[in-house]
Structures are given as structure tokens and as C-alpha cells.
Amino acid sequence: MSDQSQFLNSITPLVDSGLPPQSLGVDQTLAGMLTLTGPKSIQIQVNGPQTALTDDDIAGVYPAPGSTDSPDDYLPHIALNRRTLPWERVGPVPNTKPWLAVLLLKDSELNPPQQGMPFRGIRHLVNKGPAVVSGTVATVLARDPLGHTKLVAKMADTTQVNLLFLQNGILTAIQPKQDELQYLCNVKRVNSGGGDKDCAIVIGNRLPDAGAAGTDPELHTAFLVSLEGRDDFYDSSRGLPANAQKEIGLVVLHSWSFTPSKGGDFEEVIRAIHIRPNGGVLRFGNLPAEPAPGQPVPLSGGFDAVLDEHGLFRDPLPHTQAGLVNYRGPLRPFPPAPRSLGFAIRSAPEEFQNAPPNTPLDYSHAAAFEVGRLLALASHDILEDLRAVHGLIKIIDPEVAVNKLPVALQKPDWVVDPAWNEEPWSLPAGNATQPLIKDNSQFVGATPGDVTGVNQQYQQFANQVQNSLNGMQSPIVSVVSQIDLASVTVADLDKTFGNVAVKGEV
Amino acid sequence: MYDRLTTKTGAAAVQQYVTLFDIQPGADGVVFAPPDGNAFYSDVSIPSRLRNFLIDLRLLRHIPVAYFVPDAALLPPESIRFFNVDPTWMDRVVDGVFSAANTGTVDSMFSASMLAMVRTAIDSDLAALAETITPGSGWTPAQGMTGMLVRSELVRRWPDMIVRAFKTVVDDVTPDPAHPNTPPQLPVLRLETISQDILIAIFGGSPATVHVREPHVGVRFGVEENPPGSTTWIVPKRDTNGNPILKPDHNPDNWNVGARSSQKRTLNITALAGAQPAPNKVRMVALQLERRPYVQEFKNNAPETRGSVPFSNFVNPDGSLKVVALRYGRTMNLKPLQARMAQLQQMYPKEKP
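Protein chains in written order, with my numbering: chain D, 1 to 506; chain Z, 1001 to 1353.
Derived by calculation from the structure, the hints in this document are not laboratory data.
Treat the hints with care, since some could be wrong.
List of simulated lysine-lysine pairs, DSS-like, C-alpha gap at most 25 Å [as the list claims (entries may be wrong)]:
| hint | chain 1 | residue 1 | chain 2 | residue 2 |
| --- | --- | --- | --- | --- |
| 1 | D | Lys262 | Z | Lys1281 |
| 2 | Z | Lys1264 | D | Lys177 |
| 3 | D | Lys197 | Z | Lys1281 |
| 4 | D | Lys154 | D | Lys177 |
| 5 | Z | Lys1281 | D | Lys246 |
| 6 | D | Lys177 | Z | Lys1281 |
| 7 | D | Lys495 | Z | Lys1264 |
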């Protein structure tokens, strides 16, 4: 939500500042149960700034003090944090408010040039000079007796004040009219989402004067003056020609100086840029002029240009290098070529030395490299930091330990809880442990392994072997001849065993 | 036992090594780009001071103006120029910075790997900076950077001017803190004055609309000279809500603000108040006198030809000046430009007005 603001006519307090204590009657009872025993009145007095403002009282001033750029068609004004301040006292007209006004004066009006000595140049405000003085109210008596009588009616003669003494002739020419005072004070209320914030605003009725062309603008000073009870401010005697050189003394609550500008406001200045001889709003490289008749448009928009579409100078810059030399900076009229993936790690002047003749030498990136190098070399801190640059070695991922437990049974604090780490299946139960799993009969390892089925399987295999063997026929055994080793011959053995003699010889 | 290195095996090794690089034509000729993957390093450690320095360089800080505006004709007085930033040029600057620390033989493979990591790190920092400036913009350096140079008394008088960039063509939008990114904005990565009258703005990406806004200086009150240079003043008529009041032909309507004294430039506030409705005459006077910030829009769908118009276009056949309308029925004061034009024509008689 953006700031919301509005203007209010005024915020007028019920009790004026500076009045004697006011009595407020209090008479409360509650059906005879409570009876007021104290005094039946309280004294109220409102004290507000009368002769000076502190920094806390001021929300801001315009133009800024010391500024030189405010257009001369902007009115000076002051914003006050005390939102009721302009309406806390009675002004120059009896029973009317406000009592504050902003008077704008040129330096030449504050310090009129002496006869034969024309005003020259700009003088800064002299706060101890004859027009603006610091002193007591009694100081006014000598220079403005009429005003002094009005001032002492509101404050003591010894009150320290800052005073503006102004010739009646100037005063009557610049002062706001009686009925205008009310229109020059208002309240601005701003709501930025955090509640309302009010400030009172007092606007000047006079525009600054930046002077004629060719002359330096004068220093201007805006004065926030008190008109409390100053009905002499509009006294007709001040307008008489005979009194034009006489002065009025006014109490100054705040003042600030600035020099107006004869230039236009923001809108006028920025919109004038596109009108020649101004430089125009163009693509980088274009000139605010058309190409010569018959010449093509180098870049775009129908304008002549300094650069070509690649950002290179159409007419090479002056240089001492032999041959054709090109340069282009980082700013380009059109989107540049895709970013190079390469890196430059050193200067390579030989690429220019060995270039074929009539080849335009592009020093652009070489210049950029050297700029970077020189910027680094120019800074001791950067050089120190460059030595501290280093790569971070990749860390090899360690082997991941596999938890044998099912995920559902793992606890988040497995690692940090030693008890869990040491006895994952159990919970602490006093000095002992209690099994975590109530029925662990179904888990492998909870009871001895049952190998009955394996034995049965082996028995089946054995039975099959036995049956196979039983089903086999008995081998046919031939008649065995008894051999008498004492009388056996080779021929006999050869008949019995067949060729045994031959095999025996091998 | 390793095989001996021979001409044949050496050539094969080089061939294999070269295949690791990405070879492509580039602005510098043939570019050997190191492989993306880095077998040894996961990141680079850069001191924060150096890191900030490198980010600044990427945003054209520290670089002498003459290197990016090498000719005065590229930025004449009272001009605005829009540009694209060449990322390769900026990378070369960063390369140059790191070359300052190389002593002795430079290990090309190591340097290239290190520079690759540095480039990635700075890119990441720039993207983070953009996110900080304009949350949700999603900008990364891969989308490129553009910018604007302003050389004008605007910079001297309003150095705190507000610049905003939008992805799409939009009209003036009152910033809404609750929805700061609506309509979608591009990050303004840099907005600084680089001399008394030169301002640079660098955008993340390529904006379709750029707004240059008069800075907020609180409330201001004033009048408009009509015609310019005169001592007759006007203010735009506003209704009780502060909205402009238009005439039946939809042109802005104005109050004539009389002068108590034209010489002393004092206003006749009573006359202005007399025209306001009771009982709110005071606040209505304030509303009429209030001057609001101006926003200048630059849109990429506007014809480029409007960027610079000959002064002769503003001169009537009888030699009088045409009227250039401003807000609220005001007109532009062309006399200073006319005087400068005459001065230039004396100096350069062949110049086309």
C-alpha cells in the first residue's frame, strides 16, 4: 500500500499557547457513593514555541538549505512536526489565526547596496548583520518603536530573540495580505500504513527570482516570522512613502537560504533532451543528427553514428600504433555476441606483431585485460587478497554405513543416543534393558535355525540313490581259474588276462 | 612399465587432451574453453573484499569512464544513451585482475580452472544481488546486462532521481510496497552518479520500459509560468480528491493565479482561494498549489526517430516558436534552446538546425 496523504484546513487547539493558566472545573459524584474531596478545578496552561524552533520542531523545509537547483516557480515552505503550532496563538488580526508567516527575501533586499556601490555576486546570509540580528526584545525599540510596543505585550523585554529588520517599503511589497495568511497554513496528513502522521505547513506567498538570462541568481532567504499580536504588521502607516525607509522588527523562529535555478523543472528538463541541440535519447553510438545526404544509416533510427553495429568506431580513434587499430568498450549498441567461454591468462602482444598486413587490430579485450591488471596492481589490498585466493579441494564422500535394521525401526537419534547405538533392540529399563520387540519369535536369529527340512531333503536324495542302486542287475562274474604261482607260465597268464605278456614287456 | 613417449604417442596424448576443451570461434578468435567439470576443486575461496571488488568491476565500477565512453560524441551534453554490456569485455577485466598475481610460469590448466570457478562465483553473487534488489526477478548473468547513461543537468539538480526498469511495456505505476514486483521489474544493479552531471544505470536483463522519476522530496508547492518566461502563472485545476479537472475537450483545465506584484513575484492567493469551494478553501488552495513528482517513460516500442528531433521542427514558418505541451496544460520554454541553437549556428554555420 502506498502512502496516502491529504490536506486539512487546520488543527486548532482548544487552548492557545502562552495564555495564563486556565481553570477547568471538575465536579463528579457517583450516586452519593463517591464524593470529590480535592479541589474542584485544575489549572491548564499550554506552552508552545514562541520565539525559536528546535530541530525537533521542524519536519523539513523547501527548498533545501544551501540548494541551488530549485526552480524559481516553486514556493518556499516549512513543515512543522507540531501540527497545531500555526494556530496556537493569535496573529496580527485580533481573534484570528494563524500567527506564522514565511517571508522570502533576496540578498539584495536584506543588504541593500550603498549608493555608488552596486551589488555584485552572491553574498551568504550574514546572521549578525544589520538586517538579521540576535538580541533581546529591547533591541527592537530603537529601530521599530511601534513594533516594540506590540512585542512587549507578548513577551518580556529581556527575551532573547532573532530579529529581522526590514524596510517598510520592502515589507509592504512582499507581505501576504491579511486574509491570505489563513490560506498559507495547512496540515498535511500522511498514512503510510502505520497510522496517521500530521505536520503543519506554512507556505510563502512569494516566488524566488532566478533573475534574467546571463545573470547569476541571487541568494534567497526564507524567514519564518512570528506575527503574534503584531497588528502593526498591517498598520497603514507602514505603507506611507514617508515611512518607506523606516523598519519593522520581526521575531524570526527559523530561516534558511538557497539559490533558485532559472532552469525548468524536472519534466521540462528531461523532455527537452530530445530536442536538438540537446543530445537526444538514443541508442549508444548514435548521433543526434541525420547521416550526410546519400549516406546509409550506420546504426538505427535514421541517425548518423559514431559506432558501427558491432560497437567499433567507424573512424578509428587517433593512435600511434602502425596500421589499422580498432577499439570498442564494453558498451554496445546492440546485444553483443554470446559470452566467450575462454579465459585470458596473460598478455599476448605477439598476436598483433604477427598479424597479417592490413588486418584491423582489435585491442578491445587486450585493453580490458590490461585495465583489470593495472587496477589490481594499483591496490595493495587487492594484491594481498589475490594471493589468498585458492580452490577448495573436493572432499571424497566417505563410505556410507548400512544399518541392518529396517528403516521403520530406526530412530532419528540413533547416532546421538549411545543407549540406542549400543542396544538397538532394547530400551533402557532402569539398570537393565527391556526388549524393544515384544514378539521376536518371527525374526531370523531370535531362535535356533530349523534345519529339519534340509535333513528331509537329504534323506530323499539318499533314498533315490539307494533305489537306483537296488534296481541295478548283479554283475556277471566269470569262472575264476586258480593260478599256482609256483608253476604258472607266461603263456597261461597270457591266456587268462589276454596279451599280458606283451604289456608286461613295455 | 610405461611405454616410452614417442612422437606418435605424444600426438595422441595431445589430441586426447585437446578433446577435453570446448573449441569454438569467439570474439578473440578461436577460443579454447576448459572443460566444465573440475576434477579437483569444488569451489573457490575469495576474500570478501576482493569478491566485492570483482562484482564492482562487473558493474563497471573502478573502470575509467574513458574506457567505456571513449569519445565525447558518444555522450554529448543533455543526452541519454541506452546500451548493452559486453560480458566478454568485463570477463577480460577480471582475467586481468587475476593475472596480476601470476608470477613465473603460469600453469594454464590451473589458471583456467581457477578463473572458471571465479567467474561462476561472481555470477552467483551478481544473481544474489539482483534477487536482493528486486526479489523474484530471477535474473542471472546469462540473461545479460543493459544500461542507461544520462548526461544532463538533471543529474546535477536531481542526483537522487529514481530509475525503474520493467520487463514489459507499462505506464506509470505507483510503487506498491506490498507488491514491489508488480508489474514485473528488472533489477537495477547499479544507479550512481559518476560525475557531477553523468549518471549510470545498469539493468539486469533487457527492459521494455524504463521509468525515470523525479525524486521524492516531500510535498512541494508552486505555479507554472504561462507562457514560459512570463510573470503570469497558472496551476492545474484539481478536484477535492486531487485529481486533475479536464475541460470538455479533455484538455487539462487551469486556474490563473494572479500576481500581487509581478516585479516582486508575489501571488494573489486570495483570488485563488476565492474560486475554491467553502468550507475547505484552505485545503483546496494547498491541493491546487501542490506539485507532484514527474515520471518520464522510455518504452522500447516507441519509434527511435523520436529520440532526437531537429529544433527546426519547433519553429513556425513565421519564425515564432511552436508550443510544446507539458502536464496540466503547461508549455515548454524553448527560448534557451533557441539561444543555444543560434550560438551553435554561429560557431558551425553548416550545422543543420
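Going down the list of hints, with the structure as the test:
For the hint pairing lysine 262/D with lysine 1281/Z, the CA-to-CA distance comes to about 31 Å; that exceeds 25 Å, so the pair is violated. A C-alpha spacing of about 14 Å is found between lysine 1264/Z and lysine 177/D, which places the hinted pair at or below 25 Å, so the restraint holds. Proximity of lysine 197/D to lysine 1281/Z is assessed by CA-CA distance (about 22 Å); at most 25 Å being required, the pair is judged to hold. At roughly 23 Å between alpha-carbon atoms, lysine 154/D and lysine 177/D fall within 25 Å of each other, so this suggested pair holds.
Of the supplied pair hints, the one linking lysine 1281/Z and lysine 246/D is violated, its CA atoms being roughly 35 Å apart against a limit of 25 Å. The hinted pair formed by lysine 177/D and lysine 1281/Z meets the criterion: a straight-line CA distance of about 16 Å does not exceed 25 Å. This hinted pair does not check out: lysine 495/D and lysine 1264/Z have alpha carbons roughly 163 Å apart, beyond 25 Å.
Going through the hint list in order, the structure does not satisfy hints 1, 5 and 7.
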